[in-house]
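*Asks:* As they're listed, the protein sequences go chains Y, H and C.
For the first sequence, our numbering begins at 1 and goes up steadily by one.
For the second sequence, our numbering begins at 1 and goes up steadily by one.
For the third sequence, our numbering begins at 1 and goes up steadily by one.
Careful, some of the hints might be misleading.
Note: identical chains are not told apart, hence a pair may lie in one copy or across any two.
EDC-like mimics (lysine to aspartate or glutamate), calculated; alpha carbons at most 16 Å apart, straight line [said to hold, decoys possible]:
#1 Lys-102 - Glu-46
#2 Lys-102 - Glu-71
#3 Lys-102 - Glu-50
#4 Lys-232 - Glu-71
Everything labelled a hint here was simulated from the structure, so no lab data went into it.
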Amino acid sequence: MIGTYLEEVRHKAPLVHNITNYVTVNDVANMILACGASPIMADEPEDAVEITAICNSLNLNIGTLNRRTIEGMFAAGRRAKELGHPVLLDPVGAGASSLRTKTALKIMEEIRPDVIRGNISEIRTLRDNYTNRRQENAAGGQVSAGATRGVDADIRDAVTEENLEEGIAFAKAFAQETGCMVAITGAIDLVSDGSACYVIRNGMPQMSRITGTGCQLSGLMTAFVAAGGEDKLAAAAAAVCTMGLAGEMGYQRMQEGDGNATYRSRIIDAVYQMNGEILDQGAKYEIR
Amino acid sequence: MIGTYLEEVRHKAPLVHNITNYVTVNDVANMILACGASPIMADEPEDAVEITAICNSLNLNIGTLNRRTIEGMFAAGRRAKELGHPVLLDPVGAGASSLRTKTALKIMEEIRPDVIRGNISEIRTLRDNYTNRRQENAAGGQVSAGATRGVDADIRDAVTEENLEEGIAFAKAFAQETGCMVAITGAIDLVSDGSACYVIRNGMPQMSRITGTGCQLSGLMTAFVAAGGEDKLAAAAAAVCTMGLAGEMGYQRMQEGDGNATYRSRIIDAVYQMNGEILDQGAKYEIR
Amino acid sequence: MIGTYLEEVRHKAPLVHNITNYVTVNDVANMILACGASPIMADEPEDAVEITAICNSLNLNIGTLNRRTIEGMFAAGRRAKELGHPVLLDPVGAGASSLRTKTALKIMEEIRPDVIRGNISEIRTLRDNYTNRRQENAAGGQVSAGATRGVDADIRDAVTEENLEEGIAFAKAFAQETGCMVAITGAIDLVSDGSACYVIRNGMPQMSRITGTGCQLSGLMTAFVAAGGEDKLAAAAAAVCTMGLAGEMGYQRMQEGDGNATYRSRIIDAVYQMNGEILDQGAKYEIR
Numbered sequence: 001m002i003g004t005y006l007e008e009v010r011h012k013a014p015l016v017h018n019i020t021n022y023v024t025v026n027d028v029a030n031m032i033l034a035c036g037a038s039p040i041m042a043d044e045p046e047d048a049v050e051i052t053a054i055c056n057s058l059n060l061n062i063g064t065l066n067r068r069t070i071e072g073m074f075a076a077g078r079r080a081k082e083l084g085h086p087v088l089l090d091p092v093g094a095g096a097s098s099l100r101t102k103t104a105l106k107i108m109e110e111i112r113p114d115v116i117r118g119n120i121s122e123i124r125t126l127r128d129n130y131t132n133r134r135q136e137n138a139a140g141g142q143v144s145a146g147a148t149r150g151v152d153a154d155i156r157d158a159v160t161e162e163n164l165e166e167g168i169a170f171a172k173a174f175a176q177e178t179g180c181m182v183a184i185t186g187a188i189d190l191v192s193d194g195s196a197c198y199v200i201r202n203g204m205p206q207m208s209r210i211t212g213t214g215c216q217l218s219g220l221m222t223a224f225v226a227a228g229g230e231d232k233l234a235a236a237a238a239a240v241c242t243m244g245l246a247g248e249m250g251y252q253r254m255q256e257g258d259g260n261a262t263y264r265s266r267i268i269d270a271v272y273q274m275n276g277e278i279l280d281q282g283a284k285y286e287i288r
Numbered sequence: 001m002i003g004t005y006l007e008e009v010r011h012k013a014p015l016v017h018n019i020t021n022y023v024t025v026n027d028v029a030n031m032i033l034a035c036g037a038s039p040i041m042a043d044e045p046e047d048a049v050e051i052t053a054i055c056n057s058l059n060l061n062i063g064t065l066n067r068r069t070i071e072g073m074f075a076a077g078r079r080a081k082e083l084g085h086p087v088l089l090d091p092v093g094a095g096a097s098s099l100r101t102k103t104a105l106k107i108m109e110e111i112r113p114d115v116i117r118g119n120i121s122e123i124r125t126l127r128d129n130y131t132n133r134r135q136e137n138a139a140g141g142q143v144s145a146g147a148t149r150g151v152d153a154d155i156r157d158a159v160t161e162e163n164l165e166e167g168i169a170f171a172k173a174f175a176q177e178t179g180c181m182v183a184i185t186g187a188i189d190l191v192s193d194g195s196a197c198y199v200i201r202n203g204m205p206q207m208s209r210i211t212g213t214g215c216q217l218s219g220l221m222t223a224f225v226a227a228g229g230e231d232k233l234a235a236a237a238a239a240v241c242t243m244g245l246a247g248e249m250g251y252q253r254m255q256e257g258d259g260n261a262t263y264r265s266r267i268i269d270a271v272y273q274m275n276g277e278i279l280d281q282g283a284k285y286e287i288r
Numbered sequence: 001m002i003g004t005y006l007e008e009v010r011h012k013a014p015l016v017h018n019i020t021n022y023v024t025v026n027d028v029a030n031m032i033l034a035c036g037a038s039p040i041m042a043d044e045p046e047d048a049v050e051i052t053a054i055c056n057s058l059n060l061n062i063g064t065l066n067r068r069t070i071e072g073m074f075a076a077g078r079r080a081k082e083l084g085h086p087v088l089l090d091p092v093g094a095g096a097s098s099l100r101t102k103t104a105l106k107i108m109e110e111i112r113p114d115v116i117r118g119n120i121s122e123i124r125t126l127r128d129n130y131t132n133r134r135q136e137n138a139a140g141g142q143v144s145a146g147a148t149r150g151v152d153a154d155i156r157d158a159v160t161e162e163n164l165e166e167g168i169a170f171a172k173a174f175a176q177e178t179g180c181m182v183a184i185t186g187a188i189d190l191v192s193d194g195s196a197c198y199v200i201r202n203g204m205p206q207m208s209r210i211t212g213t214g215c216q217l218s219g220l221m222t223a224f225v226a227a228g229g230e231d232k233l234a235a236a237a238a239a240v241c242t243m244g245l246a247g248e249m250g251y252q253r254m255q256e257g258d259g260n261a262t263y264r265s266r267i268i269d270a271v272y273q274m275n276g277e278i279l280d281q282g283a284k285y286e287i288r
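With the hints as extra help, turn the sequences into a complete structure.
*Replies:* Set out below in C-alpha cells:
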C-alpha cells in the first residue's frame, strides 16, 4: 500500500538539498519537515556542491533563477548524480521565458534528473523542445525514434476525464523518451516512469490560490523518492497523493473567514499529522 | 462605487510581475492571489525582461536591492513601459541609505512609474531629492517651477487630521511635479494624481507590527491598476481601501493569544473573502 | 528579574539589521517585530554599511550565504563594530561545508562578534577550528593556552542532564577563549560569557520541526542585546527564555489537527503577547 512510503520517509528522515526560488522556500522547508524529512538550502556553487554531498536527494526548482544559482544547480546536480542521489527538476515557468526553458532543458540533458514535476504547460514546453533538440542532434537527417509519436501521445490542455487516455500516453511517452519519471500535476495528476502511470484524483482546486503548492509538492517528492525503496514510481506517486489528501484534509478544517493564507498552513499541518494509515484510506489513485 | 475595481481584478485576473525584496515576497504573492490576480517573480535581467512582457503590470520594490536586481528592475521597467504596462515603485527605505535613495530617484527619472507608494518619510525623501535634481538640471540658474512650493504643500510628519490640508497639498504637488500617481500610506492614506486626492481612513495601527503590509499593498495596487479601467486613480484608491478594510476585518477575527503572525494570515484571508459589495460598505474615503 | 529585559526591548524598540538567509527571513522579521523591536534587511555591501549605521545591532546568519552577501556581512560587521553596535553570529551549518565553516571563523576573527548562537554541532565545529588556527598561528611551535583543555571542557553531543557539567565547562571555556558570549541551544540551553553560565530549560522538542526557530531566536537575541543595559549576559539569556517560553505557550494553544505551520505562527504570537511578568513567571533557568 502507498502509505508505507510516507512511513519510510518518517523512518529514514532523509536530508533534502533544495536549490529553489526565494518566493516559496520557507513553505518548502516546512513541508519537508512536516513529512518527517529535513531540508537544507544552499545555492552558492562552492557551497552547494559540498552540501549536496551530505544530503540524500536534490530538488532543483528554477523559479527566480539567476546566473549564480543556475551555476549552483549544475554544480550540485553533477555531484548528486555522481553520488547516486535522486535529483528532481521542477521547471517553474518553463515556456514563460527563454532563460527558464533553456535552463530546464540543459538540466535535463546534462544532469539527467530522476524526476521532473510540473504542470501540463511546463511539461509540454520541455517535451516540444527536448524532442526538437534531439532531432537536430540526429546526424544525417535521420529523425530520432523518440521524436515520432502519434496524436494519442499528445495533449495541449489540462488533463481531464475526457482526454485522460491522451494524457496518460503523453506522460508515458515523455518518460520513455527522457528516461526519467514524469509527474504532471493539475486537477488530475499523472505520474509515470514510461511503463506504468499513476492517475491520482486527490486535491482541491483552491490549492492553486496559494503560492507554491507546486514547489512544496516538489520538495515532498524529493523526500519521498530519497526514502522510497525499490519502487521509486510508487514513492513519487505517494508524495502526490499525500499533497492532494493534505489539501482535502486542510480544506475540511477551514472556518468561516479563512482564506488562502490560512489554507496554506492547514495543508502543511495536515501533512504533519498524516500517517501511512490515513494516506492509505484517503489516497485516490489507479495504475494504468 | 469603488467595489467595482475589486470585481474588475477578479474578472480580469491580471498577471503581475514583481521584483521585490526577499523578506516579504511570499506574502506579496499570496496577497496578489487573494485579490484574484496572479503573481510572477523574476529578477535576473535577461529573465525579467521576458517575464514582464507576458504580464500586465510591474511592481518594483527596492527593499533588499542588489546590483543584479537593480539591473533587473531597469531592464524590466523599460520593457514594461514600452508595452504600456502600468509600473509601480515602492521606495522601501528611501532615505535610509544612499543606494536606495539613488535607485528610487533613477527609477523615477528613467522609468517614470505610473504609481509611487510609500510612507511619508520615503515620499518626502523622494520629493526633496527629485526637486533638487530638477533644479540642478535647470540651466542658467533658473529654478524650475516644480521646485517652488508654498508651505501648504509641505509636510514633515505622519499625516493626521490636524495637518491633513498640508498633506493633501503635498501629495497633489508631488503628483503634479512627477506626473505619476502618488500614494502616501499611514494612519490616514492619501492617493492623488495631482488634481484629485483620495483621503482614506481604513486600517488598524497593529498592521505596522507585521512585516510587509506595505509591500503587500504595493502588490495589490499593481494588480488593481492593471485591471482598472478608465479611472486609474479610483483603482489605486480601491486597493488602499481593500488593504485597510482587510486589516479591520482580520482584526475582528483575532482570538485571545493571537499576535502579529496570525494577524498577517487573517489580513490576506480577508482580501481573499472580500467582494465588491463588502468593499463598498466598508471603504471609508472622501475625495478632495 | 529577567522579565525587565523584555520590557527594555519594548521600551527602546531597537532597530536590528539582519543579514540572514532567505529561507526564514520573514519569520525573523515578524519575530523581531513581535518582541517590540524593528527589523531591517540589507545585504548588498554598499547598502549594508549604511543601513547598519542607522541601526542598533547586527545579526549575521550564514545560512544560504553567497559571495556577495559574505562581502556584505564583513562590510556591515566592521562598520557595526566601529560604531559599538552589538553583533551576533549565527553559524548556520558550520561544519556542513567548508565555505560555511571558513566564513564563520573569519567573522569570529575579523569582526569579533559579541554573541555567537548555534547548536552544539555548530559551536563544536567553531571551537575545534578556532583553537587549531590559534595553535597554527602560535610561532615557534608553542601551543597556545586556549588550546589546552581538559575533558570537562569538552562535549560531543547534545547537552543533557547527564553531561550538563561538561556542557557548562565547554560553554565557559569557549566564551573565555573567544572573548564573546556563547549561546548553545538545544533541549537544554546554555548561555555563557566565560564566567557565569545560564542553564535554561524552557522550550518544546516540537520546535525543531519548524524551519528557522534558531534563526528567529538569533534575531530576538540581537534585539535583546541591543536594548539590554549593563548585564548583556542576562539580556541574551532573557531572549533564550522568551523563545523557549513562547514555544511552550504556543504549544498549549495548539488544537486538534494543527501541525508545524500553525505552531510557527503561535510561537511568534506568544512573543507578541508576552510581557515581563509572564516571562518572569515562566522562565526556567539557573545561573552556574
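*Asks:* Take the hints in turn and mark each one as holding or not.
*Replies:* A quick look at each hint next to the structure:
1. Proximity of Lys-102 to Glu-46 under the C-alpha cut-off of 16 Å is restricted to the inter-copy arrangement: shortest distance 12 Å between copies versus 23 Å within a copy.
2. In this assembly of identical chains, Lys-102 and Glu-71 lie within 16 Å of each other by CA distance solely inside one copy; the values are 13 Å within and 21 Å between copies.
3. Taking the shortest Cα distances, Lys-102 and Glu-50 sit within 16 Å of each other only across copies (13 Å), while inside one copy they are farther apart (26 Å).
4. In this assembly of identical chains, the alpha carbons of Lys-232 and Glu-71 never lie at most 16 Å apart, being 28 Å within a copy and 42 Å across copies at closest.
Going through the hint list in order, the structure does not satisfy hint 4, though it satisfies all others.
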